[in-house]
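Got chain W; can you put chain G on it based on the hints?
There are 2 protein chains.
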Amino acid sequence: MSGSKMSAEIHEQPEVLERILDEGWDEVLSASRVLRQGDLRSVMIAARGTSDNAALYAKYPFEVLLGVPTALASPSAFTFYESTMNLEGVLVVGISQSGESQDVLETIRRSGELGANTLTVTNDESSAMAKVGQHHFFLRAGKEESVAATKTYTAELMMLYLLACALKGEERLGHDVRRLPELSREVLEAEWEGTERYRYAEYMVVTSRGYNLATAEEAALKLMETTYVVAQAFSAADLRHGPIAMIGHDFPVLVIASPGRAQPGMRSLVDNLRDRGAELVVVSDESTMLDKASAKFPVPGSLPEELAPILCAIPIELLAENLARLKGLNPDSPRGLSKVTETW
Amino acid sequence: MSGSKMSAEIHEQPEVLERILDEGWDEVLSASRVLRQGDLRSVMIAARGTSDNAALYAKYPFEVLLGVPTALASPSAFTFYESTMNLEGVLVVGISQSGESQDVLETIRRSGELGANTLTVTNDESSAMAKVGQHHFFLRAGKEESVAATKTYTAELMMLYLLACALKGEERLGHDVRRLPELSREVLEAEWEGTERYRYAEYMVVTSRGYNLATAEEAALKLMETTYVVAQAFSAADLRHGPIAMIGHDFPVLVIASPGRAQPGMRSLVDNLRDRGAELVVVSDESTMLDKASAKFPVPGSLPEELAPILCAIPIELLAENLARLKGLNPDSPRGLSKVTETW
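Chains W and G, in that order, give the protein sequences. For the first sequence, position 152 matches number 152 in my numbering, and the numbering has no gaps at all. For the second sequence, position 57 matches number 57 in my numbering, and the numbering has no gaps at all.
Chain W with its partners taken away, still in its complex shape (with noise of 0.2 Å):
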């Protein structure tokens, strides 16, 4: 392990997750008998930054667990335009770690205004955004020093989750969310490798689909963030659909692959990408994926599909902070970024 913040932050994740769960849990139960009381038509989630990977996460789970459509906001829809959308039936959930997202906060005050049920999810119970809501979701991560943002996303990604099943009526824990601190405990602790070799690459492509489109998003976020690599997520599908054509020899792509109905898919595209030349950084179960890799994360593949985007997400932190180091960098200290962000 590394002296920095934001790796210290990563591996802080077992703990919050656990605290999550042990105390967290009733929050979103007695939050959810009230919603449920209500009509509930449909979902919108606001949010910016790493918090809007989460959101793009949690559609999922909405969308395919609990049966409700999701959209994620447009904040200027609000801010600059004014709209004066009908938001009865639809709840409104704002995410942001600190609390303090002016143009998220300002969605969330306006669709209350407008009919909404709002929610937030934040890590400070003292910030604006804790007491703007109907309700509110502490994240209970512990205070996130570094300016790239960890362990409060997988906290994020848990409430989400947690949250798609109190909506949907679940009263106890599910088996599966209850090994998530210990099955990330052994993420952390497995052995990876090959990242050297990316010491000065300059851009990359990271692509997945489904569940861990939003892991994908989360890791060209963390790359670009900490390490000033062009990185950029696709759904595999829309990377098929035109933007493969500017991957050639030597072009580096980061796939996460973890088991589910999106798997196959992945696999014919990881062999679509070494007939091209490309040059892979793996995160998946399956060794025959692994081995076509040269740079290799392993993850457990025990977990639904709709919980490996908490597990996939630690070995892209991990590879972030580590290549930001490679590259002589202070992975706490990206430049020209502070932790709460101003939106004009």
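In short, the hints are calculated from the structure, not lab data. Glycine is no exception: its CB is placed at the ideal position from the N, C-alpha and C atoms. Treat each hint with caution, since some may be false.
[Unchecked claim] Chain W stretches covered by chain G per the calculated footprint, using a threshold of three residues with CB under 8 Å from any CB of chain G: (1) 69 to 75; (2) 193 to 199; (3) 236 to 244; (4) 276 to 289.
Here is chain G on its own, set in the frame of chain W:
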């Protein structure tokens, strides 16, 4: 004008826009009269690639002008995960120039079974997608032979804008939308300069905000498909939230900043990027911003913000086509791409 099909199709846009106004509006009006009789609680739009950027555009007129919350669909929720979400009161719109995009087709078919009203937008009246929904809008763009979509993109934007107007209850074409064929001719005839210095650019960031966020995404996609430049789009708000860390001296950034609520923020971002030493390509009506760029694409400043993306798409198509030729590539035949996307 070069001899590429892409260039020829870029130059057909004024007549395509005119044809939609002359022949397409009645189709939009009559579908909207039917749809207005039912419950319209929210909209969900399914698309891939360029059409997905048209969907991103449409989210703004639907939410701001029409006042209906709008989501971009995750096709895998239907195709992989067999979501049984409740879609009563939801209008699900599928967009595909070919009308043969398999996962969009399946999303529309399944949405109908789940209670949605369905509408498709294609450039082929005999395609599978033209028949799968309750309503169909025909783009009338003429056959598009270049793999990189151009005229079908602006046709999609106009059709979706007209749909928002008609669903709102407008019975006549507005004054501003009727000016688009003529204004698009002006954009095609305008002098632009400075693209040569990007001959060896390997990556590029594209940024805008609000209505023109879709233009930024489409610019990035066109550049990736035709020039193999690793081009990545960000909302200006998201760019400031983290990825700006990677932008230093010489880094090429394409900025789209047409008039409206988003422009003051874009102006301050341009200054911020210049302070970091970035090299700017600017699409704008404002000479102060154009003067800070090394490649300049002027656009008219007299249109309402919601229609600007139809004009601003043209310079970015010209840029992609021109840069492909500067790099010695054939913009009509990107490696590894075909016109119809097969998604596994």
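Check each numbered hint from earlier against the structure, then list the numbers of those it violates in ascending order.
Numbers 2, 4, in rising order.
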